[in-house]
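**Student:** Sequence:
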Amino acid sequence: MRTIVHSSLLDDPRKAARIRELHAAGDLHRVIDEPIQQLLIFDRSVAFVRITPLAYTPGALMIRQQGLIATLIDLFEHAWARAREVTEPAYRLSPREREVLALIAEGRSNSAVARTLSITEAAVGKHVASVFAKLDLPATEDDNRRVLAVLAYLRGSAR
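Using the numbering used here, read the sequence shown as starting at 1 and increasing by one per residue.
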């Protein structure tokens, strides 16, 4: 089974653990930052979509029309291609931590990041420390964690 989940689900430790558990068991999961609609497609012959896409109300439409199913499959495949692996370090980072790291990758200082995001320098420091921890970048005498975090960002593994 292939599943695309929104990155916000990984902000909940229990949901993130369950997703990674299913992934480790053989299900394929990818993560996307953009809004997505819930969609189930079975055997390329039946699809289910929510009656009210953005609300969590019960009810789904069952679709059997092959032209529409082909379109839904195409939409899923495009989203799958844009999504990243659930195991990438980036999905350990919160959206705010990704914002902070993106600004650091632009060469900004902590004070410049704080001004840009309208937060305190202390908050930036906490976000940076969290990025280091989540990207498994321990403090050592031989490495510059800020540079290593930026390199991970530039490689795409921390976006």
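Worth flagging that the hints you see were computed from the coordinates, not collected in a lab.
Beta carbons are placed, not taken as given, at the ideal position from N, Cα and C, and that holds for glycine.
Watch out, some of these pointers could steer you wrong.
[Stated by the list, open to error] Between beta-carbon pairs, the in silico distance windows are:
id : residue 1 : residue 2 : range
1  : Ala-17    : Phe-48    : 25 to 35 angstroms
2  : Gln-37    : Arg-108   : 27 to 37 angstroms
3  : Leu-154   : Trp-80    : 17 to 27 angstroms
4  : Glu-121   : Tyr-56    : 44 to 54 angstroms
5  : Ile-119   : Ile-73    : 21 to 31 angstroms
**Student:** All hints are to be evaluated individually against the structure, with a verdict given for each.
**Tutor:** Taking the hints in turn, this is what the structure says about them:
Evaluation of the 25 to 35 angstroms hint for Ala-17 and Phe-48 yields a pass: the beta carbon distance comes to about 26 angstroms. Taking the beta carbon of each, Gln-37 and Arg-108 are about 35 angstroms apart, inside 27 to 37 angstroms as hinted. Here the CB-CB span from Leu-154 to Trp-80 is close to 24 angstroms, well matched to the stated 17 to 27 angstroms. Look at Glu-121 against Tyr-56: about 38 angstroms separates their beta carbons, and that is not inside 44 to 54 angstroms.
The hint said 21 to 31 angstroms for the Cβ distance between Ile-119 and Ile-73, and at roughly 42 angstroms that hint is violated.
The structure shown violates the earlier hints numbered 4 and 5.
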